[in-house]
Amino acid sequence: MNGVRTMLAWCPDWPVLAACREHDMDPEVAVAVVDKQRVTACSPLARVEGVRRGMRVREAQARCTGLVVLPYEPSVDSRLFEPVVAGVEASMAGVQPVRPGVLAMRARGPARYYGGELAAARLLVGRLAELGVDGARVGIADGPFAAEQAARRAEPVLIVPEGGSARFLAPLPVEALGDGDLAALLRKLGVTDLAGFASLSPDAVRDRFGAAGAMAHVLAAGADPRGVAARTPPREVVAQVDFEPALDRVDQVAFGIRAAADALVDELFEHHLACTELRVIAHSADETVERTWLHPRWFSGADMVDRVRWQLQGDSTGSGLKSGVTRIRLEPEVVDAIGHHEAGLWGNGPDEGVHHGLSRVQGMLGHEAVVTPVLGGGRRLAERQVFVPWGDRASTELSDRHARPWPGSLPEPPPATVFPEPRAVVVVAEDGTVVTIDERGTLSAPPAAFSITGRRQDARRVTGWAGPWPAAERWWDAAAARLAYRFQLVDASGDAWLLVLADGAWVAEARYD
Amino acid sequence: MPAAALSAHPRGGSAAERVDEVRELQARIRAMQSTKLDTRALETSPTVAGLLPGGSLKTGVAYTIHGSTSLAMALMAGPSQAGSWCGVVGVPTFGAEAARASGIDLERIALVPYPGDQWMPVTAALADVLTVVLVRPPLPPSDAVASRLMARLRERGSTLIVLGDWPGSEARLEVRRTEWSGLGTGHGHLRGREMTVAVAAKAGPSRDRRVSL
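Just so you know, the protein sequences line up as chains A and B, in that order. The first sequence begins at 2 in our numbering and counts up by one. The second sequence begins at 22 in our numbering and counts up by one.
Going by beta-carbon spacing under 8 Å, a handful of chain B positions derived as facing chain A:
#, residue
1, Gly88
2, Thr90
3, Pro113
4, Ala131
5, Leu132
6, Gln139
7, Val150
8, Thr199
9, Glu200
10, Trp201
11, His210
Hints were generated in silico from the structure; no laboratory data involved. All of these numbers come straight from a predicted model, not from anything done at the bench. For glycine and all other residues, C-beta sits at the position ideal for the given N, C-alpha and C.
Work out the full structure: start from the sequences and follow the hints.
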């Protein structure tokens, strides 16, 4: 049985190309994309220098000293491959993206339309080059497996004649099956090429290697049962409003986008979808500001307008525009079936009301005005609590950091008042001189009085104190290193303070009130 | 406890003392019997229940606290543990770790650290949806503004805790002094504290109570 006639295009080193595009780099230099300290892919120049896939980063850097190392991000891989697939779809229908860097289609249609398989394959190579993928290889064979093997050996086009897949695959090594464990085992059994593997009896292979082995056996025999499942090109649901002339007032923009946002939500509703993550892109005459917004439930039209307003007003991250707005574009990033978000018959309980109330306050003061506290990690108290705006997702890294041991963290109980910015204070000894500390952590004199305002006339007597507790932060990095000594001080009225002596200056970090 | 408190005053003192005693007893009776039908008690953590008139937090009223954020956290802990939402307005120094240690569920708390001059509308908006709202007013509100908010609190059944002054509060808790344990001179560390809190109910004289946090 012959597999379906398949044309498959392979973009060599796609992860490198994608990572270079993401980081605005030239792929002509020696680049390696690494995942978990091992090389996932490398550029041709790096390969010439001896860098190989699966190599440890340190070894790769030893072989090629000028190697640029980029992290492997699967999402970037797929995201940048999407326009390539769409570009190929413009000239050939029925494309199946197999994985980032590889796409397949039935060969019959393009071959008939462009006058022969060779012409269609050459056209596909040219089309990919137009889309910025240089050196793409195309293979045509019976079934996707044989077509991919052909593409990997193509210069840049290799066509395996119809019915000749088994003969083409026969001399290939067993590693071509893409299963390292199976290939190693087959080599130990004395089977080195696909012909040898294919000649084993199907029952024996199934008994010894299970279902996965049986599938590999079928592929090795050139009888690929898989077809090509063309994807349905996704419908683009976005809202875009152009302003002519440019608007420079936020409320005008918000008013202008309102109808489009409502229409966008209605259109999603028609597809039984609800948007939970929205990308807002604001263009002005000379800049573009974009940001992704999350919603704890799902976006209504009014919620989208709010996000546009907050983004244009700017916040602490400084994303406001400086000149008039010419265009607003709303793109739903994440959509979900509306059924998951249907309100219950009696509402979703009190939390829905809470959400509406807090959103109202956000509408009054801005997105970052309403926060929920999340405990993070660190030695300084202000670092240990992170305020996450209502509706945003706290990164899981925070809870990981909180769970780690932090040598030098404070004993219980934690202080109820933590100053976001430390306040300058003065601590004096009995003789009125400011208390200092030497390199060995010895105090010049026990603290006898301290003044929270920094003025001497507000001094309070110290009735109990403890310290110095050293906290050495980032001692391995000379630029960021910080050595601080902490003290707990209690005055005569029972007020307790957490003071810090760092770089010769006293500050109040927190108050136990 | 009332018997012990009474026995501290020997019977047959001066007339003025007796008038004081009668006033105090009347205040205590008033505090015990609820004057309004619609006030509802919230879950209250046992550490602070002894401080409050009636022994529990009531809805639709305001409590003022002077001199302690921890005391405010302890008041919020009871409702929070019972599953209610809490809000904090105008307290950028709110210590999240201390809040969690006092028993507040950080999953159900919303903070508005810098409300600016909008603090009153923000407090009102939060009081609409949250059960307990802690607020530090930048300046005491006028009676009219405060009574509008109180009407809203009564309607919504939420409780206001104020760090500062508030007209017509249910009870005023003022920390008179704090004694810390565990700290020496140059050694040890703060472990626990015992606070002496002056509690003044709406009607009646102020009484000192002790609480350890």
